[in-house]
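A.B. asks: The chain contents come next:
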Amino acid sequence: MALLSVSDINVYYGAIHAIKGVSFEVNEGEVVTLIGANGAGKSTTLKTISGLLHPKTGGVEFQEKSLLGVKPHKIVEMGLAHVPEGRRVFLQMSVEENLEMGAYTRPGSEVDPGLEKVYAQFPRLKERRKQTAGTLSGGEQQMLAMGRALMSSPRLLMLDEPSMGLAPILVDQIFDIIQSLHKAGTTILLVEQNAQMALSVADRGYVLETGKIVTSGTGAELLNDESVKKAYLGG
Amino acid sequence: MFSTIVSQVINGLQSGSIYALVALGYSMVYGIILLLNFAHGDIIMVGAYVVWYSMSNLGLHPVVSMLLAIIACTLLGMLIEKLAYTPLRSAPRLSLLITAIGVSFLLENGFQLIFGAGAQTVPTLVSGPSLSLGSVTVSFPAMLTLVVSILSMAALTFLVQKTKLGKAMRAVSEDMGAAQLMGISLNRTISFTFAVGSALAGIGSVLYLCAYPQASPTMGSMLGLKAFVAAVLGGIGSIPGAMVGGFAIGLAEALVSAAGLSVWKDGVVFAILIVVLLVKPTGLLGKPIVEKV
Chain P
1 MALLSVSDIN
11 VYYGAIHAIK
21 GVSFEVNEGE
31 VVTLIGANGA
41 GKSTTLKTIS
51 GLLHPKTGGV
61 EFQEKSLLGV
71 KPHKIVEMGL
81 AHVPEGRRVF
91 LQMSVEENLE
101 MGAYTRPGSE
111 VDPGLEKVYA
121 QFPRLKERRK
131 QTAGTLSGGE
141 QQMLAMGRAL
151 MSSPRLLMLD
161 EPSMGLAPIL
171 VDQIFDIIQS
181 LHKAGTTILL
191 VEQNAQMALS
201 VADRGYVLET
211 GKIVTSGTGA
221 ELLNDESVKK
231 AYLGG
Chain S
236 MFSTIVSQVI
246 NGLQSGSIYA
256 LVALGYSMVY
266 GIILLLNFAH
276 GDIIMVGAYV
286 VWYSMSNLGL
296 HPVVSMLLAI
306 IACTLLGMLI
316 EKLAYTPLRS
326 APRLSLLITA
336 IGVSFLLENG
346 FQLIFGAGAQ
356 TVPTLVSGPS
366 LSLGSVTVSF
376 PAMLTLVVSI
386 LSMAALTFLV
396 QKTKLGKAMR
406 AVSEDMGAAQ
416 LMGISLNRTI
426 SFTFAVGSAL
436 AGIGSVLYLC
446 AYPQASPTMG
456 SMLGLKAFVA
466 AVLGGIGSIP
476 GAMVGGFAIG
486 LAEALVSAAG
496 LSVWKDGVVF
506 AILIVVLLVK
516 PTGLLGKPIV
526 EKV
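So the protein lines, in turn, are chains P and S. Using our numbering, the letters of the first sequence correspond one by one to residues 1 to 235. Using our numbering, the letters of the second sequence correspond one by one to residues 236 to 528.
Do not rely on the hints blindly, as some may be mistaken.
[Unchecked claim] Keeping only pairs whose Cα atoms sit at most 25 angstroms apart, straight-line, the calculated BS3-like set for lysine-lysine is: (1) P/K20 to P/K56; (2) P/K130 to S/K397; (3) S/K399 to P/K117; (4) P/K117 to P/K130; (5) P/K212 to P/K229; (6) P/K126 to S/K397; (7) P/K71 to P/K20; (8) S/K397 to S/K500; (9) P/K65 to P/K130; (10) P/K183 to P/K212; (11) P/K117 to S/K397; (12) P/K71 to S/K317; (13) P/K230 to P/K20; (14) P/K20 to P/K212; (15) P/K71 to S/K399; (16) P/K117 to P/K183; (17) P/K117 to P/K74; (18) S/K399 to S/K522; (19) P/K126 to S/K399; (20) S/K515 to S/K399; (21) S/K399 to P/K130; (22) S/K522 to P/K130; (23) P/K71 to P/K56; (24) P/K74 to S/K399; (25) P/K183 to P/K126; (26) S/K500 to S/K522; (27) P/K20 to P/K229; (28) P/K56 to P/K74; (29) P/K74 to S/K317; (30) P/K56 to P/K229.
[What the hints assert, rightly or not] Sample of chain P residues at the chain S side, in silico, Cβ under 8 angstroms: (31) P72; (32) E77; (33) E100.
Simulated from the structure, these hints should not be mistaken for lab results. Ideal placement from N, C-alpha and C gives every residue a C-beta, glycine not left out.
With the hints as extra help, turn the sequences into a complete structure.
C.D. replies: Spelled out as C-alpha cells, the structure:
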C-alpha cells in the first residue's frame, strides 16, 4: 500500500480547471518527482495534498487515511510536511524560531533533539541561528525551509521548486541534501522545473502538462525518453 | 511653571499608558488579519459598564468588579471575532471593516437601549496615598495606572517573544499560509490574539475608570479613536510602536493642555494622524510595506 496516493483529482481555481484527473502514488522510502513547465499544475497538486486547496472530485489518501476535508494544520500533524514554493520562511523571525515553528505540532521535548539533527545536517544554519531569516541568502533560506519542515519529523516531505532562483553551485548543494535525506530513509515528493536534476535523484517521476499526467516512469527511463528530452531536457 | 509642566507630563503618561494598552489591541489584530477593528474601543465601554453594574447593582468589591470587567472584555473580544469576523475570513477586507463598524454601532446602541443614554457614575475604585515630589504630587490612581500598564506591556512582550503561542502569532501575522503548513491552527491563533488584545482593552478600561469614574454608551468611541491614532503613529501592526504611540499621544495632549490650549486637545491628536498619514504612513516603528513578487 502506498504511503501517499492521489486518485483522479480535479481542482479548479474559480472557473479554471487547473488539475484534470491526476493520479499518482508515492511509496515509503521513495523519491518521486513531478516535473513540468510553469503553470502545469505542479504546485497546485502539492497544495491540494496539504489541504490548502480542495479538489472538486477525486481522493487523496495518506497512510490509508483520506485527507479530504482535513485542515492543513491537522495534515502536518499526521506527518506530511510541505516546503512551499518560494521558501516562505518567516523573515522577521530568527533562524532558530523558524525551526521551532517547524516543530509546532511536536511535543516540547522533541524540539532540542530536532534542532541538533537539523544543525548537524545544515551547519550553516547553526552559525546563523540568532539572525533573522531575512538576513539569509537565498540558498540559506532554502536550507532553513527544508530544515524547518524536517523539524516535524515527517513521514513524507514535499518540496516545491527547491532550486528556484538559486545559483548553480547552490542547486547542486540542495540536490546533495535531497540525496542524503533519501539515503537516510526520508520519503520525498519533489516538484521541479529543473527536470534534469530532479530525474537524476528520483526513483520515479511523473510528467505533468496543463493539468494532466502525460508520461511516467523511473527516473532513468524518463531521462532517456525522447519526448521528455525534447520538452524538458533541452533536446 | 516647572511644576505645572511636570504634573502635566505625569497626566500625559497616565492617559498615554491607557492609550497604549488600547492601541496594542488595534495593532495586534491589524497585524494578524489586516483588520482595523473599530469595535475595539467599544469593548472599553462594555468593561466600564461591567464595573459599574457589579459595584452599584450587585454590590461586589471593586477589585472583584475590575477582574470581572477584564474577563468580560476578553470573552467579548473572542465572541465578536467568532461571530462577526471568522465567517468573513476570505471576504474582501472592506467587508470586514464595515462589519467592524457595524459591531461598534451595535454595542453602542445596544447599551444605550439597555442602560439609557446618560452616564452612570462609578463608585471610587481605588484609593491610597499620593506621592509628593517637591511641589508636584502624583495621585495614587496615576501611579497605579503607570505600574499596571508597564507590567502588562512587559508581560505581553514576554508572551509574544518567548512563548510558543506568541511565536505562532508572529508567524501567522507574517505569512498565514506558511504558518498553516507548520501545523499552526489559524482559528486558535487568531482567537488568542483577540483575547489578548481585548484583555488589554479591559485593563485599559478599569484604569480609565480610576481617573474618570463614569460609564456611558459612547465613551469608547473617542478613547478608541485616539488609541487608533496612537497605533497608526507608532506603526500599525507593530507592538512596540503601539506602546510608543500611546505614550506620545498622551504626552501631546497633556502638553497642549499645559500650554493653556486644552480645547484644542482632540484637534491636536487628529492633526497628528493627518500629518503621520501624509509624511510617514508606516508610522514611527512600522515596517515599510513590501510588495510581494
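A.B. asks: Determine which of the earlier numbered hints do not hold for this structure and return their numbers in increasing order.
C.D. replies: Violated hints: 8, 9, 10, 20, 26 and 30; rest satisfied.
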